Amino acid sequence: MNNGLDAHIPAGPIDKKWDLHKFESKLINPANKRKFEIIMVGTGLAGASAAATLGELGYRVKCFCYQDSPRRAHSIAAQGGINAAKNYQNDGDSVHRLFYDTIKGGDFRSREANVYRLAQISEAIIDQCVAAGVPFAREYGGLLANRSFGGAQVSRTFYARGQTGQQLLLGAYGALCKQIEEGNVTMHPRTEMLDLVVVDGHAKGIVVRDMVTGKISSHAGDTVVLATGGYGNVFYLSTNAKGCNVTATYRAYKKGAFFANPCYTQIHPTCIPVSGNYQSKLTLMSESLRNDGRVWAPKKPSDKRPPGQIPEDERDYYLERRYPSFGNLAPRDIASRAAKVVCDEGRGIGDTCLGVYLDFADAITRLGEETIRERYGNLFDMYHKITDEDAYKSPMRIFPAVHYTMGGLWVDYNLMSNLPGLHVTGEANFSDHGANRLGASALMQGLGDGYFVLPSTIANYLATQAGKKVDVNGRAFKKAEEEVTNRTKRLLGIHGKKTVDQFHRELGLLMWDKCGMSRNDAGLREALKRIPALREEFWEDVNVLGGGEELNQSLEKAGRVADFLEFAEVLCYDALNRRESCGGHFREEYQTPDGEAKRNDAEYAYVAAWEYVGETSAPQLHKEPLEFEAAHLATRSYK
Amino acid sequence: MTESGPTKRNYKLRVWRQKDGRSQGAFAEYDAKNIPADASFLEMLDIVNEELIARNEEPVAFDHDCREGICGTCSLVINGTPHGPNKATTTCQLYMRHFADGQTIVIEPFRAGAFPVLRDLVVNRSALDRIQQAGGFISVRTGAAQDANAIPIAKPAADKAMDAAACIQCGACVAACPNASAMLFLAARVSHFALLPQGQPERTQRVLKMLEKHDEEGFGNCRNHYECEAVCPAEISALFITKLNREYVMAEIKKAVE
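Same order as they appear, the protein sequences are chains A and B. Going by our numbering, the first residue of the first sequence is number 1, and it counts up by one from there. Going by our numbering, the first residue of the second sequence is number 1001, and it counts up by one from there.
Hints in this document: simulated from the structure, not taken from any laboratory. Warning: the hint list may mix true and false statements.
[To be verified] Pairwise CB distance ranges (calculated):
| id | chain 1 | residue 1 | chain 2 | residue 2 | range |
| --- | --- | --- | --- | --- | --- |
| 1 | B | Ala1028 | A | Asp210 | 22 to 28 angstroms |
| 2 | B | Ala1150 | A | Glu482 | 52 to 58 angstroms |
| 3 | B | Arg1223 | A | Gly377 | 30 to 36 angstroms |
| 4 | A | Arg490 | B | Asp1031 | 29 to 35 angstroms |
| 5 | B | Ala1150 | A | Arg490 | 54 to 60 angstroms |
| 6 | B | Asp1101 | A | Val613 | 55 to 61 angstroms |
| 7 | A | His8 | B | Gln1200 | 50 to 56 angstroms |
| 8 | B | Ala1028 | A | Lys497 | 50 to 56 angstroms |
| 9 | B | Ala1150 | A | Ala463 | 47 to 53 angstroms |
| 10 | B | Gly1080 | A | Lys469 | 51 to 57 angstroms |
| 11 | A | His8 | B | Ala1150 | 51 to 57 angstroms |
| 12 | A | Asp210 | B | Gly1080 | 31 to 37 angstroms |
[Claimed, not checked] Using 25 angstroms as the maximum straight-line C-alpha spacing, the simulated DSS-like pairs for lysine-lysine come out as follows:
| id | chain 1 | residue 1 | chain 2 | residue 2 |
| --- | --- | --- | --- | --- |
| 13 | B | Lys1012 | B | Lys1087 |
| 14 | B | Lys1019 | A | Lys557 |
| 15 | A | Lys498 | B | Lys1008 |
| 16 | A | Lys304 | B | Lys1087 |
| 17 | B | Lys1155 | A | Lys498 |
| 18 | B | Lys1033 | A | Lys497 |
| 19 | A | Lys478 | A | Lys255 |
| 20 | B | Lys1019 | A | Lys489 |
| 21 | A | Lys479 | A | Lys557 |
| 22 | A | Lys35 | A | Lys469 |
| 23 | B | Lys1243 | B | Lys1160 |
| 24 | A | Lys557 | A | Lys497 |
| 25 | A | Lys22 | A | Lys33 |
| 26 | A | Lys468 | A | Lys478 |
| 27 | A | Lys215 | A | Lys304 |
| 28 | A | Lys215 | B | Lys1019 |
| 29 | A | Lys393 | B | Lys1087 |
| 30 | A | Lys498 | B | Lys1033 |
| 31 | A | Lys497 | B | Lys1019 |
As the structure is a prediction and not an experimental result, all values here were calculated from the model. Quick reminder that beta carbons are idealized off the backbone N, C-alpha and C, glycines included.
Produce the complete structure using the sequences and hints provided.
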């Protein structure tokens, strides 16, 4: 334990920790639960499931989201599936195997106790979802179907066509709707959190902006929960929704919460390549496609022949060649880097030469087009809509894109930040995926945190807070409101020449270039010089039209981009500090002779948690050492 | 259909502008110039907005988020059709290659009494959330569920429930309906649960409560125009409305008998 960073991991053998912890956790009697008010920001899987469950337990919950409906949070876009150690396929799966795959998948940079707990509750998540009416895919016998995902050699992924995220979110949203109807949860859609309010060292409220009227107001509670997702849009182009942003977690960071492992960003290998500079976002093609699709590139550089004219022996099925035991189901970080290597060698395909093929010809020959259509029809349709190409006839063109962020606010075993009273769930926290997340594990973590972990652990904090209500008209709230109002005024008063999007694009390109799929010392140092300059230019030359007291989408974007322009530095500092390669963080200086990530366990087997210490100083590093008892540190290999 | 033509195209836009819910709105005309055929419809609007800002004119407000056709946030009535000309496609998944060079494109908000305009092309669709809150769920306490495989569900029934559950709650069905009815949305929600064994205990009260809320929110009745089915980006079949009617009649009978 270092600098007060105590993860509060319970004692005992790993498979008993969660049970023992639940038993030792504080309980709050039903009559007293009504006296506690919980502020929940975000309504994706982690937020909606927690808000619903906490409301059901009897707490009073105030729930906020920037979307016009809680059901639209970006969890909805998850395509492929959700993992669980059910072993319904009798293929050797178990809680321990899911735990081990996740630890190994995360390149031994996650906290063992959290990951084991996640694997344990994975089964109850599926039970809960089915009971709530989630229409998972089924076999003809009526039982649940499974498929494989990257980084695993068992079939443990449950799915609902290509829209597992929407169906799981509808389940959690349904539960939330019931609690809203019963009056236990008050819902505030189209409301954006712009600051966290800390009273006497505890997170006790938030300042929000009503996105329709522009009204700035405060909400006080006994604890604040952030379930506000990841920060992938710091790269501008990503598979995130346009509205996804870092503001809530970054504001909490500026108020004292530590930001952990921000350099762990996931670049997903199978996205549709960029087609032009007008492009506003990137679209993922589900990892499930790699169950049947084969990834390849031409062996010859600059081979401009159409794919159909490149004979078999002139194709390089590079994942199958380099990783024979996992093949096309190599984990995301490895598959992405392998695509980059191919393109760096000049073997990339398409107009931009930044792409590789994902080919279904063999699967169609083996299984027939109908089977492929049934499995992936909606994905092939989406690919056709975007590219105007028919993937049944010619292979898909794919390229890696920013997809998910493993880093997030630091939390202990109770999912509470170092800042007392602030809880963080889902993608917004850092806890379970280490340096790389395995496919179909984000949904598992979001729902695990929301349905099962937080509703149990939150009482440990609340039980200490009886009779400690804060006044929403108190000084801390007024000060935070004033700061938010002034910032809004400042943004509207610059009247510069460049649009918010221009700045966001510029930042994104810089981050992709210097802190994307591979990083090095010189590049990161350059980024750390250029980001402050860009930020300065933003505050002098951005043009945000319209007023503060109205629906103003430019103003919303401006506030978010302003925060990305600060947060990007924290990300680069973390990437610079971590002089090793692990998972999604690849430092060119640290690789094996065959180009694999080279970890440095002796010096870097820790969580890097960054503390804000002022606008002009570099953030301060705190370390939480990672100890491995159940899974032994080993070189991660998928060969 | 893809419209052949140059890779960069020009359009005349007629866009609905309205300051807020209390103000009168009107159409404004803009030129959309040098639009790549591979840009999406919303990217075309992004380009137009960037040019408006450069001229110090306020950009057009429109709802959007995931831009991959699943969140249901984007809307727009394009040349008279909610989500535009392509079948089974949300506005965000519509590409400019489907619009001929030189074409005039009319862009309006989803119009319905129950969807008040907030600004320009942004409308308030929270009435649909309130219908959900009236009963669009299965009541199951967290942690109280039995093993997920305890109740087998025949694949055809599960598939059909999934067909209904695919609704993205965008509200295009309402915008397309001459009666501004939300019956296709309601039918999808009610059918999804009615088709699953888990949905049975609340089946009767669910349809009654949700339908009551639907009417209370000011949505009209279904008169079998099928406009909803034609524009639905999630391809929800109007046959689910038949099922909704049946669910409703059965529920009323049950109520009367009990």
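So, going through the hints one by one against the coordinates:
1. In this structure the hint that B/Ala1028 and A/Asp210 lie 22 to 28 angstroms apart at CB holds, the actual value being about 26 angstroms.
2. For the hinted restraint 52 to 58 angstroms between B/Ala1150 and A/Glu482, the CB-CB distance of approximately 56 angstroms keeps it satisfied.
3. Checked against the hint of 30 to 36 angstroms, the C-beta distance between B/Arg1223 and A/Gly377 comes to roughly 33 angstroms, which is consistent with it.
4. For A/Arg490 paired with B/Asp1031, a C-beta distance near 33 angstroms keeps the hint of 29 to 35 angstroms intact.
5. A hinted range of 54 to 60 angstroms holds for the C-beta pair B/Ala1150 and A/Arg490, which are about 58 angstroms apart.
6. One distance hint, 55 to 61 angstroms for the beta-carbon pair B/Asp1101 and A/Val613, holds here, with the actual separation near 56 angstroms.
7. Against the hinted window of 50 to 56 angstroms, the Cβ-Cβ separation of A/His8 and B/Gln1200 comes to about 43 angstroms, which falls outside the hint.
8. Remark: the range hint 50 to 56 angstroms for B/Ala1028 to A/Lys497 is contradicted by a beta-carbon distance near 23 angstroms.
9. In this structure, B/Ala1150 and A/Ala463 break the distance hint of 47 to 53 angstroms, their C-beta atoms being roughly 35 angstroms apart.
10. For B/Gly1080 and A/Lys469, the Cβ-Cβ distance of about 55 angstroms falls inside the hinted range of 51 to 57 angstroms, so the restraint holds.
11. For A/His8 and B/Ala1150, the Cβ-Cβ distance of about 36 angstroms falls outside the hinted range of 51 to 57 angstroms, so the restraint is violated.
12. At roughly 33 angstroms, the beta-carbon separation of A/Asp210 and B/Gly1080 lies within the given 31 to 37 angstroms, and the hint holds.
13. Straight-line distance between C-alpha atoms of B/Lys1012 and B/Lys1087 comes to about 23 angstroms, which keeps the hinted pair within the 25 angstroms bound.
14. For the suggested pair B/Lys1019 and A/Lys557, the alpha carbons sit about 19 angstroms apart, so the restraint of at most 25 angstroms is met.
15. Between the alpha carbons of A/Lys498 and B/Lys1008 the distance comes to roughly 24 angstroms, so the proposed pair stays at or under 25 angstroms and holds.
16. As the CA atoms of A/Lys304 and B/Lys1087 are separated by approximately 34 angstroms, the hinted pair breaks the 25 angstroms bound.
17. Among the hinted pairs, B/Lys1155 with A/Lys498 is inconsistent with the structure: their alpha-carbon atoms are about 55 angstroms apart, more than 25 angstroms.
18. For a cut-off of 25 angstroms, the pair hint linking B/Lys1033 to A/Lys497 stands: about 20 angstroms separates their Cα positions.
19. Proximity of A/Lys478 to A/Lys255 is assessed by CA-CA distance (about 15 angstroms); at most 25 angstroms being required, the pair is judged to hold.
20. Taking the CA atoms of B/Lys1019 and A/Lys489, the gap is about 20 angstroms. The hint holds against a cut of 25 angstroms.
21. For the suggested pair A/Lys479 and A/Lys557, the alpha carbons sit about 23 angstroms apart, so the restraint of at most 25 angstroms is met.
22. For the given pair, A/Lys35 sits about 10 angstroms from A/Lys469 by alpha-carbon distance, which is consistent with the 25 angstroms threshold.
23. With a CA separation close to 12 angstroms, the supplied pair B/Lys1243 and B/Lys1160 stays within the 25 angstroms bound.
24. The straight-line distance between the Cα atoms of A/Lys557 and A/Lys497 is roughly 16 angstroms, inside the 25 angstroms bound, and the hint therefore holds.
25. This hinted pair checks out: A/Lys22 and A/Lys33 have alpha carbons roughly 17 angstroms apart, not beyond 25 angstroms.
26. For the given pair, A/Lys468 sits about 19 angstroms from A/Lys478 by alpha-carbon distance, which is consistent with the 25 angstroms threshold.
27. At most 25 angstroms may separate the alpha-carbon atoms for a hinted pair to count; A/Lys215 and A/Lys304 exceed this at roughly 56 angstroms.
28. Of the pairs offered as hints, the one joining A/Lys215 and B/Lys1019 holds, with about 16 angstroms between alpha carbons and a cut-off of 25 angstroms not exceeded.
29. About 22 angstroms separates the Cα atoms of A/Lys393 and B/Lys1087, which keeps this hinted pair within 25 angstroms; it holds.
30. For the given pair, A/Lys498 sits about 19 angstroms from B/Lys1033 by alpha-carbon distance, which is consistent with the 25 angstroms threshold.
31. For the proposed pair A/Lys497 and B/Lys1019, the alpha carbon gap of about 24 angstroms is at most 25 angstroms, so the pair holds.
Going through the hint list in order, the structure does not satisfy hints 7, 8, 9, 11, 16, 17, 27.
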